[in-house]
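Chains A and B supply the protein sequences, listed in that same order.
Numbering follows the working numbering, in which position 57 of the first sequence is assigned residue number 58; successive positions increment by one, without gaps.
Numbering follows the working numbering, in which position 56 of the second sequence is assigned residue number 72; successive positions increment by one, without gaps.
For the record, the hints were derived by calculation from the structure and aren't laboratory data.
Any given hint could turn out to be false.
[Unchecked claim] Going by beta-carbon spacing under 8 Å, a handful of chain B positions derived as facing chain A:
#1 D72
#2 E100
#3 R114
#4 N118
#5 A119
#6 R137
#7 G142
#8 V144
#9 F148
#10 Y172
#11 T174
#12 I187
[Stated by the list, open to error] Simulated pairs of lysine-lysine, PhoX-like, Cα-Cα distance not exceeding 25 Å:
#13 K183(B) x K87(A)
#14 K106(A) x K87(A)
#15 K183(B) x K57(A)
For each residue, glycine too, the CB sits at the ideal point set by N, CA and C.
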Amino acid sequence: MRQDSPLWHAKHVVRAFLLLIIAVIALVLLRSLLVPDSWGQFGWYRGDNIAEQRAKEQRHGGNISCLECHDQEYETIAGAGHANVKCEGCHAPVALHAVDGEWVKEMPVRREAELCLNCHQWLDARPRAFPQVRPREHVEEQGGEFGPAVCFDCHDPHAPL
Amino acid sequence: MQDKKNGCDGCGDGLGLTRRTFLKHLTTVSAVVASGAVIGLILPEGAAGAVDSTYDWTRHRWVYLIDTRACIGCGSCARACRAENDVPEGNYRTWIERYRMNAEGEAHVDSPQGGEFGFERIKAGGDVRKAFFVPKLCNHCAATPCTQVCPVGASYTTRDGVVLVDKEHCIGCGYCVQACPYGSRFINEETHTADKCTWCYHRLTNGRKTACVDICPVGARIIGDRENPDDPINEIIATQRIHVLQPELLTKPQCYYSGLDMEVR
């Protein structure tokens with residue numbers, strides 16, 4: 002380029018323009034790398050997260066999930082005072098015990114008064130109509146002696162009373 | 017005076033980089049990152065779980081209802097929630113508070129270990145005249161302050177009305193934890209991200225109810241669909257006296273309470 006050409010004097014402008022183009026390309030490139038693919042699919046968040054949230058493992062299966070192997074207990078509970086109490090409430094989520102019919106781990110069986118008292122200990126905040134006991138008085142009234150598993154002497158947790 | 021390289025004192029000190037070599041390295045790094053992204057696009061996505069593909073989130077809007085008069089404070093819901101959602105010890109996505117008021121109207125409120133293992137018979141001080149349990153969880157507010165403050169868009173409301181946290185995107189800044197007036201959020205110490213009740217989105221959108229609703233032995237917790245006219249929750253909301261927590265904050269909570277006392281915040 003000749004020194005008397007007007008572009009020769011505009012060299013600093015050309016440089017600045019080139020730098021701007023490089024900056025814009027870098028921005029577009031970085032954005033495409035850093036912004037997740039599904040961003041903005043449904044809103045200002047990562048759309049793929051919806052599917053991820055939905056695909057999480059379901060661990061509680063409800064009483065129906067116990068029926069296949071424990072049909073007797075299932076029937077007993079359904080026809081007695083604990084019909085609304087869920088198997089998994091006293092034991093554990095079914096997924097910790099069996100998955101797709103395959104045995105995983107022993108199901109916990111808590112034969113402890115503490116378990117019963119979670120619901121039936123007399124408390125002033127509980128609804129009056131709900132069956133509650135003052136455990137020591139209750140056991141002594143029946144002529145027994147209070148112990149950590151005393152409830153099961155008289156009550157079957159699957160069919161209480 | 018030491019001799020100045022490139023006419024700039026301290027330039028590239030430490031790493032021994034000049035501007036030229038820095039730019040060269042930058043080009044290399046960008047090329048590597050770009051090729052990584054291309055490979056990422058080619059590889060197939062991870063297999064999804066057993067998800068109900070017929071679920072259309074535009075045809076549902078979930079709401080929750082708690083009957084404080086029915087709750088017995090057994091803590092089954094909090095235990096089920098922990099087991100279902102891997103909630104770390106010491107954090108709660110749902111918890112139960114016990115309110116006891118004496119004749120003077122003074123309230124004694126406690127929630128030992130979130131009520132997860134039930135409540136003990138301890139003195140409240142004074143003669144208890146009024147007492148009840150209040151289960152709490154995220155209110156999934158329709159005008160929620162928590163998603164507004166998220167600086168990275170990691171927290172959002174789904175079209176079916178559930179407020180969620182994307183733990184892959186969350187930076188754990190804790191703004192949302194402070195923004196929630198109900199104390200429903202926490203920082204999960206294992207993932208270092210914000211964590212909260214999801215209304216068991218993985219169950220709700222696949223034909224089940226939340227773990228807490230399913231496990232409650234007295235039916236104190238109900239979840240239902242406002243878009244489904246046959247859902248019994250709509251009849252309850254239409255005919256019974258219901259309330260929300262702190263309505264004065266205008267967050268439009270989607271957890272309704274029946275039998276709520278004005279002492280409850």
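These are the hints, each one checked on the structure:
no., hint, result
1, D72, "violated, 12 Å"
2, E100, "holds, 5 Å"
3, R114, "holds, 5 Å"
4, N118, "violated, 11 Å"
5, A119, "violated, 14 Å"
6, R137, "holds, 6 Å"
7, G142, "violated, 12 Å"
8, V144, "holds, 5 Å"
9, F148, "holds, 5 Å"
10, Y172, "holds, 4 Å"
11, T174, "holds, 7 Å"
12, I187, "violated, 13 Å"
13, K183(B) x K87(A), "violated, 31 Å"
14, K106(A) x K87(A), "holds, 19 Å"
15, K183(B) x K57(A), "holds, 13 Å"
This entry does not satisfy hints 1, 4, 5, 7, 12, 13, going by the numbered hints stated previously.
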